[in-house]
Amino acid sequence: MAILVIAEHDNAALKSATLHVVGAAARLGSPIHVLVAGSAAQGAAQAAAQAAGVAKSIHVDAPHLAQPTAENLAAQVLAIVQDGGYTHVVAPATGYGRNVAPRIAAKLDVAQVSDVTAVVSPDTFVRPIYAGSVFATVQAKDAVKVVTVRATSFDAAAATGGAGQVESRPAVPDVGRSRVTGQEIAKSERPELASARVVVSGGRALASAENFKLLEALADRLGAAIGASRAAVDAGYVPNDYQVGQTGKIVAPDLYIAVGISGAIQHLAGMKDSKVIVAINKDPEAPIFQIADYGLVGDLFEVVPQLTAELAPR
Amino acid sequence: MKILVPVKRVIDYNVKVRVKPDGSGVDTANVKMSMNPFDEIAVEEAVRLREKGAAAEIVAVSCGAAACQETLRTALALGADRAILVESDADLQPLAVAKLLAAVVAREQPQLVILGKQAIDDDSNQVGQMLAALLDWPQATFASKVEVSGGTLVVKREVDGGLETVEMALPAVVTADLRLNEPRYATLPNIMKAKKKPLDTLKPDALGVDVTPRTVTLSVAEPPKRKGGGLVADVKELVAKLRNEAKVLS
Ligand SMILES: Cc1cc2nc3c(=O)[nH]c(=O)nc-3n(C[C@H](O)[C@H](O)[C@H](O)COP(=O)(O)OP(=O)(O)OC[C@H]3O[C@@H](n4cnc5c(N)ncnc54)[C@H](O)[C@@H]3O)c2cc1C
Ligand SMILES: Nc1ncnc2c1ncn2[C@@H]1O[C@H](COP(=O)(O)O)[C@@H](O)[C@H]1O
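Here the protein sequences line up with chains A and V, keeping their order.
For what it's worth, this note's numbering labels the leading residue of the first sequence as 236, then goes sequentially.
For what it's worth, this note's numbering labels the leading residue of the second sequence as 1465, then goes sequentially.
What the hints contain is simulated information worked out from the structure, not anything from laboratory work.
There may be inaccurate statements among the hints.
[Unchecked claim] Short, incomplete list of chain V residues facing chain A, as computed with Cβ under 7 Å: (1) GLN1533; (2) ASP1586; (3) GLN1593; (4) LEU1599; (5) VAL1623; (6) GLY1625; (7) GLU1628; (8) THR1629; (9) ALA1633; (10) LEU1663; (11) LEU1666; (12) ASN1708.
Beta carbons are placed, not taken as given, at the ideal position from N, Cα and C, and that holds for glycine.
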């Protein structure tokens, strides 16, 4: 009996969420196997085998797994699960994991537990519901547990120190029917939003894409990632993948600076586990102040440039 | 082409949800209920596809208690042609809902099912993917743009780092993300017309689906409250506190 972790990776390397999932898997049992399904993903497979606590990484290589469809990735995972005697299949609660985990669960005729924030026992998990305003403790009764885990709730396994082997397995054939035909992935010099130590987020009050430059200047000083509220994303000030919240990214940085964001529950759902929260808002009644460690009431167009200047190298 | 749109009745997104004193669940008595916001987007997309001539009929379906009829009437007012209630007072979990929907698909034979990406009560984000698996259909989750031409579906999906385009053969399952469209409001004449549109009721037994829950909720609780509320007078004080008190700046 073993735990199967589905690695999220870009073929060359593991995505940071994967090591957090390995950290969560360690609480479910052992041995831990990590599936790296990709194309020319030897680098990611090696990295997975070296992570602390990993017994082996299972490497499957095929062109149709380079940017796999949910259909192909699910079919591959099922082939591994069916001959492996796994008690758990664990994936990150990211767009990648959420897309495929329910498909695997349904094929196995088992429930899937989404967005796990704590492991109580190998069959009992804590997860947020209602935009994180309530936490449910749920027990999964099926023989195989398929779960997605929230990376920010679990410490990452050490990237090295493991002594796992890389085992190659044949790929299942391309399911056909669907294919990925394009990707628009923004390249950025900034840290990845979901794992950044500092996040500067802007809301509707920024009022234009141009004004987000104010936040970029501040983020540069702090080595921060940039996030946004749904209102800012919907208005087109920043790309979709900047959205923090119930239906966007979950972040838990050491420092989260919310600029011109009112603090709707759907936004708080994505950032209220941050260690220190700063809010800058001109409305002293804004709900964001109720959860901010340091609130500054003021006009962002005055305050943000001042803050950027104050943080200039001394 | 026929489109099936599953819609869920949920606690309205503006309601502050409260846990029952005994921790057994969430208080739903006398609470405003609405259609899941993502499902409004799904209905709207189906209506737009029909307006463009890509679809002929839209069938809304909801699984749950008799009160879901209200939600179905909303879908009809927004433009669905007919509705199906799969009536059950059981706790319908995502796998059970997916199985019920698969049985409805078998009867209705739609070419496309458009769901919301996530129900804002259980926040599961599962039913669409599960339904696609049970039907062995391709899926396009988190859609922000949908195009149908001939038997092919082209969808732009919101992924972690940006957007991805997928192309697939129909029949297929799509789940709607926030940016797919902005749903229209139901007009009064359309609300009146919706009352006369057909609404059929089915039972899980008649569909041959076992809806027994696979997970048990042992307890629910509100998370510990964050102690916020500290104000600073100006930027200088803020930076000093971040450096010396919170120690998050060097
Ligand atoms: C199904 C669903 C899912 C959702 N998911 C998400 C999600 O994942 N993430 C998310 O963020 N939202 C989400 N929302 C939307 C959420 O409910 C709010 O509408 C949104 O977060 C508001 O964004 P905002 O705070 O930028 O805008 P507003 O609420 O308009 O707030 C703007 C704030 O800026 C302040 N302000 C204005 N001018 C200035 C100035 N010059 N200087 C300083 N402050 C100023 C105002 O006082 C105000 O507090 C969701 C909603 C629904 C229905
Ligand atoms: N009881 C239900 N009846 C009809 N549709 C549902 C039901 N539950 C979920 N759905 C659909 O599945 C989507 C995803 O729900 P979930 O997987 O529960 O987050 C929703 O947006 C609905 O479109």
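Against the structure, the hints come out as follows:
1. GLN1533: Violated - the Cβ of GLN1533 of chain V stays beyond 7 Å from chain A, reaching only about 24 Å at its closest.
2. ASP1586: With Cβ-Cβ at 6 Å, under 7 Å, it holds.
3. GLN1593: Nearest chain A Cβ about 4 Å off; hint holds.
4. LEU1599: Check failed: Cβ of LEU1599 of chain V comes no nearer than 10 Å to chain A, outside 7 Å.
5. VAL1623: With a closest approach of 5 Å, the VAL1623 of chain V hint holds.
6. GLY1625: holds (4 Å)
7. GLU1628: holds (5 Å)
8. THR1629: The hint holds - THR1629 of chain V has a Cβ within 7 Å of chain A, the shortest such distance being about 4 Å.
9. ALA1633: holds (5 Å)
10. LEU1663: violated (28 Å)
11. LEU1666: violated (21 Å)
12. ASN1708: Status violated, d = 12 Å.
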